[in-house]
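> Going down the list, the sequences are from chains A and B.
Mind the numbering: the first sequence is residues 1 to 215 in this note's numbering, read in order.
Mind the numbering: the second sequence is residues 1 to 281 in this note's numbering, read in order.
Check before you lean on any hint, since a few could be wrong.
As the list claims (entries may be wrong) - A short, non-exhaustive set of chain B residues, derived as facing chain A with CB atoms under 8 angstroms:
hint, residue
1, 24
2, 47
3, 71
Unchecked claim - Straight-line Cα separation of at most 25 angstroms, SDA-like style, residue types lysine to any residue; simulated pairs:
hint, chain 1, residue 1, chain 2, residue 2
4, A, 2, B, 116
5, A, 2, B, 108
6, B, 126, A, 30
7, A, 67, B, 51
8, B, 91, A, 13
9, B, 126, A, 14
10, B, 125, A, 67
11, A, 2, B, 125
12, B, 91, A, 25
Claimed, not checked - Label-pair restraints from in silico Cβ distances:
hint, chain 1, residue 1, chain 2, residue 2, range
13, B, 6, A, 66, 46 to 52 angstroms
14, B, 232, A, 148, 56 to 62 angstroms
15, A, 68, B, 240, 50 to 56 angstroms
16, B, 101, A, 66, 15 to 21 angstroms
17, B, 25, A, 141, 47 to 53 angstroms
18, B, 128, A, 24, 33 to 39 angstroms
19, A, 24, B, 2, 56 to 62 angstroms
Calculated from the structure, these hints are not laboratory results.
Computed from a prediction, not measured in an experiment: that's the story for all the values here.
Just so it is clear, CB atoms sit at the ideal spot from N, CA and C, and this is done for glycine as well.
The residues making up each chain are set out below.
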Amino acid sequence: MKLLKKELRLALSPLTPFFLLFSFMTLIPGYPILVGSFFICLGIFYSFQSAREAGDILYTALLPIPKGDVVRGKLRLTLLFQLAGFGLMLLLTALRLTVLRGGVYAAVPMLPANGTYLAFALLIFLCFNVLFVGGFFRTAYALGRPFIVFTVAAFLLVGIAEVLHHVPGLAFLAAVEGPGLLLQLPLLAAAALAYALGTALAGRRAIRRFEALDL
Amino acid sequence: MSLPLTVKGLCKAYPGFTLDNVSFSLAPGHVTGFIGRNGAGKSTTLKALLNLVHPAAGEVRFFGLDPAREEYAVKQRIGFAGSAARFYPKKTVGELAAVTAGFYESWDEAAFRRCLDRFALDPAKKLEQLSEGMRVKLDLTVALSHHAELLILDEPTSGLDPVSRDELLELFLALRDEGVTLLFSTHIITDLEKCADDILYLQKGRLLFAGAMEDFAAAYLLYEGPVTEEQRRAAVGHARSRRGESLLLRREDAGSFPAEGLREPGLEEIMTHLEKEAETP
Chain A
1 MKLLKKELRL ALSPLTPFFL LFSFMTLIPG YPILVGSFFI CLGIFYSFQS
51 AREAGDILYT ALLPIPKGDV VRGKLRLTLL FQLAGFGLML LLTALRLTVL
101 RGGVYAAVPM LPANGTYLAF ALLIFLCFNV LFVGGFFRTA YALGRPFIVF
151 TVAAFLLVGI AEVLHHVPGL AFLAAVEGPG LLLQLPLLAA AALAYALGTA
201 LAGRRAIRRF EALDL
Chain B
1 MSLPLTVKGL CKAYPGFTLD NVSFSLAPGH VTGFIGRNGA GKSTTLKALL
51 NLVHPAAGEV RFFGLDPARE EYAVKQRIGF AGSAARFYPK KTVGELAAVT
101 AGFYESWDEA AFRRCLDRFA LDPAKKLEQL SEGMRVKLDL TVALSHHAEL
151 LILDEPTSGL DPVSRDELLE LFLALRDEGV TLLFSTHIIT DLEKCADDIL
201 YLQKGRLLFA GAMEDFAAAY LLYEGPVTEE QRRAAVGHAR SRRGESLLLR
251 REDAGSFPAE GLREPGLEEI MTHLEKEAET P
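Using the sequences provided together with the hints, build the complete structure.
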């Protein structure tokens, strides 16, 4: 808890909580709303950037904690904002599927807010944790390259999500009601499992890399 | 009682630089100056002690404890300050202390308040508003608030004006009198003359001397005057001087030199002669 407190009070960029507002892209009709997940990650990236400029990595490493806790602190901050963003997206998706059903949301060609959308949002978050967080802790300094790699992967995922539901036989991925919606649940569960396991593995790898680093 | 710090055979290799088999120990309640030119390996040594870089070989013990295995216990008992470290410029002194306090089991809020008063630190001030000297004092405040028994300071006087430097050195002496052990790196020789009990002298990654400062100064004599090639070969360092040439001699090698040309060298003269000799191909 003290690690997260340190992240929130010393290392957090004010842009990070602000960028949670991109969760509300879930409500935009006829738009590739998955980019909202990318922007939430961009907000977290700003906290990594401001922490680096503030000497946060070295300061934390000098505290009486195992060196790996430097990585754990950053991961906890990342998970906090990803899960807060996901929680908002989940609520807004539920709103689109119930109260706001029909109207401007009827028959749009883009992926709507549904189980598939939430599953791909989790996969984008997972990409951030593996490619950006894992990549950053190769050096604990270089931010640009891992973020570019993540950006490419994230937009590929957005593209895949937008194309898949047009493939014959996969129209259920864009369903907003009925049995199609239920068919999305295994996909969402698999994405949640991949997010949890992938993030845990990425964290362990990032800790190993960081512990081997000379600061 | 275990010594505050013992180091045996510390080695670290970078392209173009090697820290070579550095061994020393710190006496409790002493101020030890860690000297050497820029690039001699002082910061690398200090970082290796603090587990920030991985030595290729060697053994480090703080109070008899292995910092690699007992990092938590060791870091509770030591404090670090470095002039190069500029942490959290937009945060205030109070914010930094409030967070840092949570990591130390022996954090003493009353001691923290006393240090703020003693060093005239305003808890509402942003860290970017603090001068170099005040930043070092903040680091010392944090260290003293968790009752650090050993302070490791990386060039704490670098960038300070002479008055602030003197003030800081007097503070080191006051801390020593309170029983705190200090190890501070510097390339400013007058810092040592002011407050060091012992010195560690690092040259190109090798420890040339570790011991009492008086012993270091007493080991040499300086000869100024006309010199022969044979005399030059007997010297451990030479430089040009107003009177022709100056040679740094080990005291035991000075017998053959005219007494009128011999005198006690200052620390700065010893260091400049030794460094110039090291540069000679």
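> Given the hinted pair residue 126 of chain B and residue 30 of chain A, is their Cα-Cα distance within 25 angstroms?
The hint is violated at about 47 angstroms.
> At a threshold of 8 angstroms, is the proposed contact between residue 24 of chain B and chain A supported by beta-carbon distances?
This interface hint is violated because 21 angstroms lies over the 8 angstroms limit.
> Honestly, do residue 68 of chain A and residue 240 of chain B meet the 50 to 56 angstroms range at C-beta?
holds, 54 angstroms
> Are residue 232 of chain B and residue 148 of chain A spaced within 56 to 62 angstroms by their CB atoms?
holds, 60 angstroms
> Just to be careful, I want the Cα atoms of residue 91 of chain B and residue 25 of chain A compared with a cutoff of 25 angstroms; is the pair within it?
Roughly 33 angstroms separates the two Cα atoms, so the pair is violated.
> For the restraint on residue 47 of chain B, tell me whether the closest CB of chain A is nearer than 8 angstroms.
holds, 7 angstroms
> Are residue 91 of chain B and residue 13 of chain A close enough, with their CA atoms no more than 25 angstroms apart?
holds, 12 angstroms
> Please check whether residue 128 of chain B and residue 24 of chain A have a Cβ separation lying inside 33 to 39 angstroms.
Given about 35 angstroms between the Cβ atoms, the range holds.
> Taking 15 to 21 angstroms as the stated bounds, is the beta-carbon spacing between residue 101 of chain B and residue 66 of chain A within them?
The hint (15 to 21 angstroms, Cβ to Cβ) holds, given that residue 101 of chain B and residue 66 of chain A are roughly 19 angstroms apart.
> Regarding residue 6 of chain B and residue 66 of chain A, is the given constraint of 46 to 52 angstroms on their beta-carbon distance met?
Taking Cβ atoms as reference, residue 6 of chain B and residue 66 of chain A lie about 23 angstroms apart, which means the hint is violated.
> Is it true that the CA of residue 2 of chain A sits at most 25 angstroms from the CA of residue 108 of chain B?
holds, 17 angstroms
> Between residue 125 of chain B and residue 67 of chain A, is the straight-line Cα distance small enough, at 25 angstroms or below?
Outside the cut-off at roughly 29 angstroms; violated.
Violated hints, in rising order: 1, 6, 10, 12, 13 and 17; the structure is consistent with all others.
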